[in-house]
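Line order of the protein sequences matches chains A and B. Its first residue numbered 1, the first sequence is counted upward by one per residue in our numbering. Its first residue numbered 249, the second sequence is counted upward by one per residue in our numbering.
Warning: the hint list may mix true and false statements.
Unchecked claim - With a straight-line cut-off of 20 Å between C-alpha atoms, the simulated SDA-like cross-links for lysine to any residue are:
| hint | chain 1 | residue 1 | chain 2 | residue 2 |
| --- | --- | --- | --- | --- |
| 1 | A | Lys75 | B | Thr370 |
| 2 | A | Lys120 | B | Val391 |
| 3 | B | Lys408 | A | Thr82 |
| 4 | A | Lys68 | B | Leu504 |
| 5 | B | Lys408 | A | Pro92 |
Stated by the list, open to error - A short list of chain B residues far from chain A (calculated; beta carbon distances all over 12 Å):
| hint | residue |
| --- | --- |
| 6 | Phe254 |
| 7 | Ile267 |
| 8 | Lys408 |
It is worth saying that the hints were derived from the structure and are not from the lab. Values in this document were obtained by computation on a predicted structure and should not be read as measured data. All residues carry an ideal CB built from backbone N, CA and C; glycine is no exception.
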Amino acid sequence: MSYFFPDDIVKNEKKERDGIIMIEANDLSFSYTGLRPFVLDQVNFHMDDGAYISVVGDNGCGKSTLMKLILQLQKPTQGSITCKAKRIGYVPQKAEFSNEGFPITVYEMLYSYQRLLKIKDKKVLLEKLNLVGMSDFSNALMDTLSGGQAQKVRIARALIGEPDLLVLDEPSTGVDLGSQIEIYAILKKLNEEKHMTIISVEHNLKAAVDNSTIIYHLSTGHGHFCTPQQFAKEYLDIVGKGSENVKL
Amino acid sequence: MLSYSFMQNAIIVSIFISILCPCIGIFLVLRRYSMIGDTLSHASLAGITISLLFQQSPILGAFIFTSICGALIEFLRNYFKKYTDLILSIVLSLSVGTAITLISSGKLHANADSFMFGSILTVTRADMYMVVVLSLLSVLTLVFLYHPLIYIAYDEETAKIAGVKVKLINYIFSILVACAIAVSIRIVGVLVLSSMIALPVATALQLGKGFRFTFLFSIFFSVIDIMSGLFLSYFLNVAPGGFTALVSVFVLLIVLIVKRIAMQIHAKTKE
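Please take these sequences and the hints and turn them into a complete structure.
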């Protein structure tokens with residue numbers, strides 16, 4: 001499946017935007033109780049505008065917490081985090097999306113969202129549905145869609161309002177392989193052709209290595225940036241060490 | 249029957265109830281908060297008894313006290329994030345405790361029984377005007393908050409990120425719930441009021457359609473339930489609240505049966 005993006009972007013834009021900071025964290029610490037131990041402990045980083053950043057790490061390392069801090073759904077316990085995005089598109093994790101049985105069609109779901117953003121033109125949602133290859137499903141109930149289809153609709157929703165930052169929480173969870181390929185192709189195109197900054201919390205390490213321009217590896221409350229190639233090597237080293245300890 | 253002024257009042261009030269209750273109910277049911285309707289309808293009894301004690305309008309008393317309890321539920325949600333059902337127990341204890349204490353004190357200037365079971369005879373012209381005003385205000389607010397309310401019910405996190413003031417709208421919504429309860433207590437009564445909020449929505453949900461369709465059919469079933477409950481209770485000389493609840497369960501059963509038959513016919517035609 002091919003995806004069409006209108007050619008309305010000046011080619012040199014990416015060059016001009018390189019080096020502009022989108023998100024900056026200074027001595028960022030967070031715990032849900034407000035006390036030690038911190039989920040994130042004295043974290044410092046900046047994420048560049050136009051980058052495709054995958055945030056990876058073990059369960060409980062603070063990936064989702066970091067995402068909530070970026071989205072300003074949580075406030076830092078100490079330090080600060082600033083996001084310069086004018087508009088953020090958010091694609092929630094499927095497992096957290098517990099509203100099964102909610103009687104809403106794809107069209108209704110997108111239209112209500114665009115009304116929240118004070119956009120009245122119905123063409124906007126149809127254009128976004130077309131962008132993710134879901135225009136034939138506008139009258140389908142959200143509940144009847146497969147995991148991959150529902151995820152594509154959520155991406156279409158996140159794109160309404162032309163966000164400059166797209167945040168995704170485990171976009172491939174509960175999605176079949178074919179749809180995963182389509183979803184990551186969409187994300188990569190958005191990043192490469194529209195120069196949209198993408199931050200994706202990932203469990204799918206292959207997708208992280210294949211698609212990101214940079215990876216933020218979180219571990220025990222601290223994180224570091226690495227290239228996808230460096231991360232692949234780090235990961236293989238970890239898996240290698242693990243396999244040495246296995247006694248057959 | 250229609251020449252009686254009390255019946256005219258009751259019919260007008262019933263029309264407003266049958267529109268307002270499912271409008272509020274659909275958001276409560278879809279947020280899995282239908283028990284809040286039950287708690288707040290019991291809370292309204294405390295408001296009624298307080299207003300009877302001070303010889304004020306019971307509907308206004310119910311509205312004010314239920315609004316306070318609705319806001320209290322929202323406030324306590326911050327302290328009992330993982331035990332939201334406990335909040336309902338706390339508010340229920342406060343309100344039913346107040347109501348029982350005042351009723352048993354014997355200091356009330358009127359009988360509170362009609363508010364428990366609903367009564368056609370007790371709807372005064374003043375009540376009717378108050379119901380009309382409260383209902384119109386509620387419906388206007390609902391129209392204004394329609395899309396934010398859908399999103400808060402469907403995906404609260406995304407609503408917050410889109411800039412919806414979720415906390416403020418939740419407080420406003422609790423006032424709307426209080427409104428729906430206050431306008432309904434005269435006819436439906438406190439004890440079965442939550443069924444008027446939840447059952448027409450439960451029936452419409454069986455149709456398996458989108459939000460707009462479910463919303464409109466919730467109102468349609470609510471009108472059938474409440475109006476037939478009102479007229480039949482008049483002829484049977486029983487309390488309208490209880491009988492309306494029975495009618496709404498009956499309508500739900502019919503829809504379930506028709507749905508099952510339709511599914512079987514559909515399966516057979518596919519074979």
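We went through each hint and held it up to the structure:
no.	hint	result
1	A:Lys75 - B:Thr370	53 Å, violated
2	A:Lys120 - B:Val391	16 Å, holds
3	B:Lys408 - A:Thr82	17 Å, holds
4	A:Lys68 - B:Leu504	42 Å, violated
5	B:Lys408 - A:Pro92	12 Å, holds
6	Phe254	38 Å, holds
7	Ile267	19 Å, holds
8	Lys408	6 Å, violated
Checked against the numbered hints given earlier, the structure breaks hints 1, 4, 8 and satisfies all the rest.
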